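Turn these sequences into a full structure, and let the hints steer you where they fit.
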Amino acid sequence: MSEKRLQKALHLVNTMPPVDIVSNLTNISQLAPDLAVQLSEQVQTPHQIDVDPTCGQSYIKTQYNRDGQSYRSPHSNQYYPAVDEGAYRPSGDLLELENKLNAAFKFYTRVYFGTGKSNPAISSCYVWKQGQTIFCAIAIHNEIVGAGENVGGFWDSFHLVNIEPQGSNLYTYEVESSVTVHIFAETNQIGKADICGSLSKSNRTRKQSTDILSHVENIGPLIESNETQLRDYIESIYFGKTRDVIEKIHLSQPPIQKDAFLSELYGSMLKNRQSAMSK
Amino acid sequence: MTEIATHFLLSTPAGEFKQIMKDLKHIIDDDVLNDAAASAVLTHLTSHMLTVPYDNTSIVLSLQNVVDIADLQFFNSKTKEVVSINPMKMTVVGQRPASDEEIEKFLGDDEIEIENLIEAIRSHIESFYVSTTSGFEVVIDEECVYNVILSGYQYDKQNFHSAKWNAVYRLESNDVGYEITAKYSISSHFFESGNVQMNVNKEKTFIVDLKRTSEDWEERCIKRILDVELAFHNDFIEFYNHIETDVFNQARRRMPIFGSTINWDNIQAYRQ
Chain F
1 MSEKRLQKAL HLVNTMPPVD IVSNLTNISQ LAPDLAVQLS EQVQTPHQID
51 VDPTCGQSYI KTQYNRDGQS YRSPHSNQYY PAVDEGAYRP SGDLLELENK
101 LNAAFKFYTR VYFGTGKSNP AISSCYVWKQ GQTIFCAIAI HNEIVGAGEN
151 VGGFWDSFHL VNIEPQGSNL YTYEVESSVT VHIFAETNQI GKADICGSLS
201 KSNRTRKQST DILSHVENIG PLIESNETQL RDYIESIYFG KTRDVIEKIH
251 LSQPPIQKDA FLSELYGSML KNRQSAMSK
Chain X
1 MTEIATHFLL STPAGEFKQI MKDLKHIIDD DVLNDAAASA VLTHLTSHML
51 TVPYDNTSIV LSLQNVVDIA DLQFFNSKTK EVVSINPMKM TVVGQRPASD
101 EEIEKFLGDD EIEIENLIEA IRSHIESFYV STTSGFEVVI DEECVYNVIL
151 SGYQYDKQNF HSAKWNAVYR LESNDVGYEI TAKYSISSHF FESGNVQMNV
201 NKEKTFIVDL KRTSEDWEER CIKRILDVEL AFHNDFIEFY NHIETDVFNQ
251 ARRRMPIFGS TINWDNIQAY RQ
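If you read the sequences in order, they're chains F and X.
Okay, so the first sequence: first residue is 1 according to the numbering used here, each after it adds one.
Okay, so the second sequence: first residue is 1 according to the numbering used here, each after it adds one.
Honestly, the hints are just simulated from the structure, not real lab data.
Be a bit skeptical, because a hint or two may be false.
Unchecked claim - Derived coverage of chain X by chain F (criterion: at least 3 residues anywhere in the stretch with Cβ under 8 Å from a Cβ of chain F; other residues may be distant):
no.: 1; segment: 35–49
no.: 2; segment: 233–239
Claimed, not checked - Lysine-lysine pairs mimicking DSS-like chemistry, simulated, CA-CA at most 27 Å apart:
no.: 3; chain 1: X; residue 1: 204; chain 2: F; residue 2: 192
no.: 4; chain 1: F; residue 1: 248; chain 2: F; residue 2: 100
no.: 5; chain 1: X; residue 1: 157; chain 2: X; residue 2: 105
no.: 6; chain 1: F; residue 1: 129; chain 2: F; residue 2: 106
no.: 7; chain 1: F; residue 1: 248; chain 2: X; residue 2: 105
no.: 8; chain 1: X; residue 1: 80; chain 2: X; residue 2: 183
no.: 9; chain 1: F; residue 1: 248; chain 2: X; residue 2: 78
no.: 10; chain 1: F; residue 1: 248; chain 2: X; residue 2: 157
no.: 11; chain 1: F; residue 1: 241; chain 2: X; residue 2: 183
As the list claims (entries may be wrong) - Have a look at the derived ranges for each label pair, beta carbon to beta carbon:
no.: 12; chain 1: F; residue 1: 225; chain 2: X; residue 2: 70; range: 20 to 28 Å
no.: 13; chain 1: X; residue 1: 42; chain 2: F; residue 2: 84; range: 50 to 58 Å
no.: 14; chain 1: F; residue 1: 150; chain 2: X; residue 2: 84; range: 21 to 29 Å
no.: 15; chain 1: F; residue 1: 42; chain 2: X; residue 2: 173; range: 52 to 60 Å
no.: 16; chain 1: X; residue 1: 3; chain 2: F; residue 2: 89; range: 49 to 57 Å
no.: 17; chain 1: F; residue 1: 244; chain 2: X; residue 2: 201; range: 20 to 28 Å
no.: 18; chain 1: F; residue 1: 120; chain 2: X; residue 2: 172; range: 26 to 34 Å
Computed from a predicted structure; not experimentally measured.
In this text, a Cβ means the ideal position worked out from N, Cα and C, and glycines have one as well.
In structure tokens form, the structure reads like this:
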């Protein structure tokens, strides 16, 4: 019963306008307080950004670098506002993995979101362990700028990676990826337009890993592949399917013109066929 | 609790009211749900201008042709009837001829002009609204100004989408002809493997220099409305093409700036 109730609550939240996801999560948590924690874990909200005061670099606040009201910066490994010394901070191999992931994805965001010289996107990676399983949370945020007057938006992606040892240096890597894209515009041509949505997919692989760096080498392609596939899917839905579905309700050209075009096309095909047969 | 449930119902995409009611049924008590539904259903129907099939045509449910809010009764301008609807089944459950007062309230005192506008819409605009759940109404408002109301929507659960196209034209006559205020509201919702929603709202005003005394002013006015509506639809397509080719690539490229996927085995060698 509670699983069905959770599924219904998720369906409800995921039917509401994606631009209102934060307030909708708050509202559903008031209707069903028993589901609040599970919903917050399963529903992706827009990334919030903060700045590490020690180095001036931005980082993304997630539930995976949070302790109460404080968030740990991956640049300094410190919480802001400050917390007790007992709060979680990775160390040893986990810290090395976190640092290597942050360096790798800093490069990743530069080549996928930046110009090569400048990098507008922000990425943050956080690592922890539960039992034998290593978890990595990778968050990316990119603001759409320079797209024209009164046109803007953002890309948020989030990847949760499980690294499960299988013995003999063999590991299973499982990635759950979600992407949220929001584009808004206000122009004389179209009035006010808003396109927002989120899609998700998962992926897994089994690979050998002998050191921390090879974990990065194994995780990277999974995330790159997931993001590119989600990007392609978003593009086909946001633009291709939207145009098609609207055309199924309201035509953009007179129906007789479409018939005339098809008649002309059919006529040309017949002529070509007759010409080919006469040779 | 009722307020929150009402908010969710009011935020529902076109035609998905029943699905959200089913979700809420598992989350809140039936009493709270019923109160919320009673508060929200009329606004959902009229804000999306949903349509109900009736007599080989459809009735558009809008605030301009609502007769009784409590009993969900609407005026059918094509047949001069008042229909009662079942909002969950989206069917007509009762109908009666409109009274003389109702006819005068919704159609004014020049029924011939209304008939001519209806006929012109049937001849020139109706064929552009191609979903089976599309319809139109022509009524006058409290300022005795003609309102042409056009709507089409689709809810396709099997193909995981819903969408709507609403257009309302207010024809205000002046010394030179008609000043027409057009309001467009377009939306779509995809829910396969996620939740993607699009909303476009546009208002524009244009002049049609046809006086009410002109011959066939209704037909010529409707043809002008059609031209403006088609131009807007093509603007919509052009906008989408621009977003796809120029804006979306700035959200994230399909390939890295150097044109091939990253060689992760060599990730350390890449310059930072």
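Status of each hint after checking the structure:
1. 35–49: violated (count 0)
2. 233–239: holds (count 7)
3. 204(X) <-> 192(F): Holds, at about 12 Å.
4. 248(F) <-> 100(F): Roughly 50 Å separates the two Cα atoms, so the pair is violated.
5. 157(X) <-> 105(X): Roughly 39 Å between the alpha carbons, so the hint for residue 157(X) and residue 105(X) is violated.
6. 129(F) <-> 106(F): 23 Å, holds
7. 248(F) <-> 105(X): Roughly 34 Å separates the two Cα atoms, so the pair is violated.
8. 80(X) <-> 183(X): 25 Å, holds
9. 248(F) <-> 78(X): 24 Å, holds
10. 248(F) <-> 157(X): Holds, at roughly 15 Å.
11. 241(F) <-> 183(X): 24 Å, holds
12. 225(F) <-> 70(X): 20 to 28 Å: Given about 56 Å between the Cβ atoms, the range is violated.
13. 42(X) <-> 84(F): 50 to 58 Å: The hinted range 50 to 58 Å holds for residue 42(X) and residue 84(F), with Cβ atoms some 54 Å apart.
14. 150(F) <-> 84(X): 21 to 29 Å: Distance hint for residue 150(F), residue 84(X) is violated at roughly 45 Å.
15. 42(F) <-> 173(X): 52 to 60 Å: Holds - the Cβ-Cβ distance for residue 42(F) and residue 173(X), about 56 Å, lies within 52 to 60 Å.
16. 3(X) <-> 89(F): 49 to 57 Å: Roughly 43 Å apart at Cβ, these two residues miss the hinted range, so it is violated.
17. 244(F) <-> 201(X): 20 to 28 Å: Check passed, 21 Å falls within 20 to 28 Å.
18. 120(F) <-> 172(X): 26 to 34 Å: Cβ of residue 120(F) to Cβ of residue 172(X): about 48 Å, so the range 26 to 34 Å is violated.
The structure fails hints 1, 4, 5, 7, 12, 14, 16 and 18 (numbered hints given earlier, in ascending order).
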